[in-house]
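**Q** Construct the complete structure from the given sequences, taking the supplied hints into account.
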Amino acid sequence: MDSPSSSSAATMGVPSEGAVGNVNGNEVGTTASFAGYMETRGVREARVLASELCRHMYTLGWFSGTGGSITIKVHDDSIPKPRQLVVISPSGVQKERMVPEDMYVLSSDGFILSTPPLKPYPHKPPKCTDCTPLFMKVYEMRDAGAVIHSHGMESCIVTMILPFSKEFRITHMEMIKGIKGHGYHDELVVPIIENTAHEAELVESLSEAITAYPKTTAVLVRNHGVYVWGDSWISAKTQLRSLQNAFGESNDLLRKRNLLLEALRVNRKEHNTLALSQMPDSSPFFPTKFVWKSQVPFKVKAFIWLVAHKKVNTNDLLQLRRPHKAISPDICKLCMEQGESADHLFLHCSVTLGLWHRLFQLAKMDWVPPKSISDMMFINYKGFGKSKRGVILWQNASIALIWVVWRERNARIFEDKARNAGNLWDSIHFLASLWAFCSAGFKGTPLNVLQLDWLSVCCSNSSIGTV
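This note's numbering puts the first residue of the sequence shown at 601, with every later residue one more than the last.
The hints are simulated quantities; they were obtained by calculation from the structure and are not laboratory data.
Keep in mind the model is a prediction, meaning the values are calculated, not measured.
Fair warning: there could be bad hints in the mix.
[Said to hold, decoys possible] Lysine-lysine pairs mimicking DSS-like chemistry, simulated, CA-CA at most 30 Å apart:
id : residue 1 : residue 2
1  : Lys837    : Lys893
2  : Lys837    : Lys727
3  : Lys681    : Lys737
4  : Lys766    : Lys737
5  : Lys737    : Lys780
6  : Lys910    : Lys815
**A** Below, the structure written as structure tokens:
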């Protein structure tokens, strides 16, 4: 868009040549003095700040290419905030190459006062962003000092995962404290409006959302992005960071929840058993009791559920997702002999196999490894007897073994630290004892007594029912 002509300058509050006029109701004198006002420290700083923030937000992934925009009020104590000039980033300019000269300057009524200069090919002619009417509406309704329109992936995905919802809600999250007027225990509510083909058409729905949610400092646009504002650029940026974190955490939780629901979906028509979608080589029977009724922390239960479905990030799965991954991508870090898969790492690896044999020797049982780790979980070995204590302790020991093996594998990869089989067994023995000690089945049994002799502890009170 070209700079306003002299004939329309007076209409926009800009003095025509040789005339005395004002900008946003403030006397600026002749055209020369108006041009001088455009070069004042406040305007220059706002231009520099807007261009710096564009480049920074591009590196954070909040802006993409030419997508996304930012607008900042020009701070001037002599002008009331609602009448201060507005600096807006342009459309069609690569955000990582934004410079102060690329910025538009507008009056508080939305009229263009300063247009960026033309650049040589291959740059396109300057164009004020289509977000401008929405920015001006936020300034009008919320007396904001800055508004950011982000195309961050998290803000787009969260509206896609909630396709029929008109709101995004989340509570009890640390990052909520970065949102104006919210604390850890509060519920954050962000309205969602439907996207349109042209951004200017969103003004009405944005206005309705701001009116309906007087506490909100953001509005999500479905499949598009988010508008965030604050009383300053610092406030707007801080809130955008907090919102992007909240959106990202919510997306992860919703994906995991949907995966769990899909995995546990009952196919009554065909099998009347759990239909494990897209899970090749998995057992048709899921070890429900072994996983969900075990007396271990919930995060460990969730991990064992992933192991049973072979969904942990072992190297064979990572290799499928990233075909060009680095050297020796499949090697098992425990034995350094064979490729790493869930069945190998948790069952057939020579290191893991030695730990399993030690557990069965403690239970005075002969044992032949099954084909898969899911079969291992499904088979009821009753290693420490049929009593409630025996079942609890056997489940805890088996799960502790799998948990310790995974943590050891990660320590060798990411920390370059390795422990011998004896140290690994000590960790398994301690964790299984600690989890059992915290369960109702072992109430009244001291931890040191429990650690001394598992078999004796299980047999000493076998009258406490069976499971």
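**Q** Which numbered conditions among the earlier hints are violated in the structure presented, ordered from lowest to highest?
**A** 1, 6
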